[in-house]
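From first to last, the protein sequence lines are chains A and V. For the first sequence, counting from 1, position 112 maps to 112 in this note's numbering; every step adds exactly one. For the second sequence, counting from 1, position 30 maps to 1030 in this note's numbering; every step adds exactly one.
It should be emphasised that the hints constitute simulated quantities derived from the structure, not laboratory data. Please read these numbers as outputs of a predicted model, since none were measured by experiment. Honestly, I wouldn't trust all of these hints.
Said to hold, decoys possible - Capping the alpha-carbon separation at 25 angstroms, the derived lysine to any residue pairs in SDA-like fashion look like this:
hint : chain 1 : residue 1 : chain 2 : residue 2
1    : A       : K115      : V       : Y1023
2    : V       : K1033     : A       : G108
3    : V       : K1086     : A       : R14
4    : A       : K115      : V       : F1096
5    : V       : K1092     : A       : E30
6    : V       : K1092     : A       : E120
Said to hold, decoys possible - Beta-carbon label-pair distances, calculated as ranges:
hint : chain 1 : residue 1 : chain 2 : residue 2 : range
7    : A       : A53       : V       : D1104     : 37 to 47 angstroms
8    : V       : N1112     : A       : V116      : 32 to 42 angstroms
9    : V       : A1108     : A       : D60       : 49 to 59 angstroms
10   : A       : E30       : V       : D1010     : 37 to 47 angstroms
11   : A       : G71       : V       : N1004     : 36 to 46 angstroms
12   : A       : T2        : V       : D1101     : 40 to 50 angstroms
13   : A       : V8        : V       : S1063     : 21 to 31 angstroms
14   : A       : M1        : V       : I1003     : 32 to 42 angstroms
15   : A       : V8        : V       : N1017     : 17 to 27 angstroms
16   : A       : K70       : V       : N1111     : 47 to 57 angstroms
17   : A       : E30       : V       : D1104     : 22 to 32 angstroms
18   : A       : F125      : V       : R1005     : 38 to 48 angstroms
19   : A       : G128      : V       : I1003     : 39 to 49 angstroms
20   : A       : K74       : V       : K1086     : 21 to 31 angstroms
Here a beta-carbon is modelled for each residue, glycine too, at the ideal position from N, C-alpha and C.
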Amino acid sequence: MTLRIAGVTDSLSRIREFVLSFAKEQGFSEEKLGEIEMAVDEAATNVIRHSYAEDPEIPDDNRVLEIEVKGIEKGIEVVVSDFGKAFNPVGVPLPDLERHTTARKTHGLGIFSMKVFMDEMAHEFIPGIGNRIIMRKFL
Amino acid sequence: MEINRRESGDVVIFDINGEIDLYNAPEIKEKIKEEMNNGKVNIIINLDKVSYIDSSGIGVLISSLSNLKKVGGALKLINVYASVRKVFELTKLTSFFEIHDSEDDALAAFNN
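Just chain V, same shape as in the assembly:
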């Protein structure tokens, strides 16, 4: 799994590439924590190139969203496709997370 970081205004975007499981999910949590320590609390996670996510990955997203909300931030997901989307649907997380079809939509939601 690779994580690339970008910024758009005060929003941090993580482009993730690969598979997310118990082995590497903590890395995502750490990256988000680092951003929070630096005062960056508005995060977008781009799952466009994620072919697989397990419950450990979902757990990290849930706890990160929770941590960000506590400090007035937010976590939005974009490009959630195919099997990854199915996992979100089956676990009823599509309504729990804010999922956008594109980066522009997610950025606009932050600006609103």
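Just chain A, with the same shape it has in the complex:
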């Protein structure tokens, strides 16, 4: 099942709702549903904030997000696809949160959340098309 939606902040609540609704059907606990919700939100937020908002060269037609959800053995796979320049969040090291907050930094928490809340995370870049963030969570 795939949701194709405009890559704007206004879409975030619809994206969360779409993924949560599917994950609930798979039988995840309330706690894990919250983790999935945040990880997917953060993946979409990263694209909207750091790719689409900062790159005027991306054609308007390409400023969309595709969220694909599917059941896998004992879990769920969520793929967040964009049509921007290559960016691999998997390769970003986890921030030192103690220092991070003391320094009043506000970036980096999103990728941290994706990595911590999901059980598996991978990145693919398809030249000429865009990025795919593949995240899996198990029951």
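Here the structure of chain A is known, so what remains is to put chain V in place on it, guided by the hints.
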């Protein structure tokens, strides 16, 4: 997301209702800035009816706290429950923010 404003003495209390994300988090920052412009620098944010907060929301709280501290003010959070609390714990922000269980506790902390 809805933000309702109340006052108790010189403390401004924002009751937030709904989900906080990149779409609406800047609104909270703006509200706090407006208070600062009016000389109100002691703020309580009531998260009782917030079911979700993402890193954008947390970022706004961090930067607002930082701005308030610079002018001798403070930001206290109350009623941080369930998944919202978990986000704060995982990001190690429970020790960074002053979090109180009730409005009375937070107001008392301001008065002390």
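> Against the structure shown, which of the earlier numbered hints fail to hold, in ascending order?
Replying inline: none
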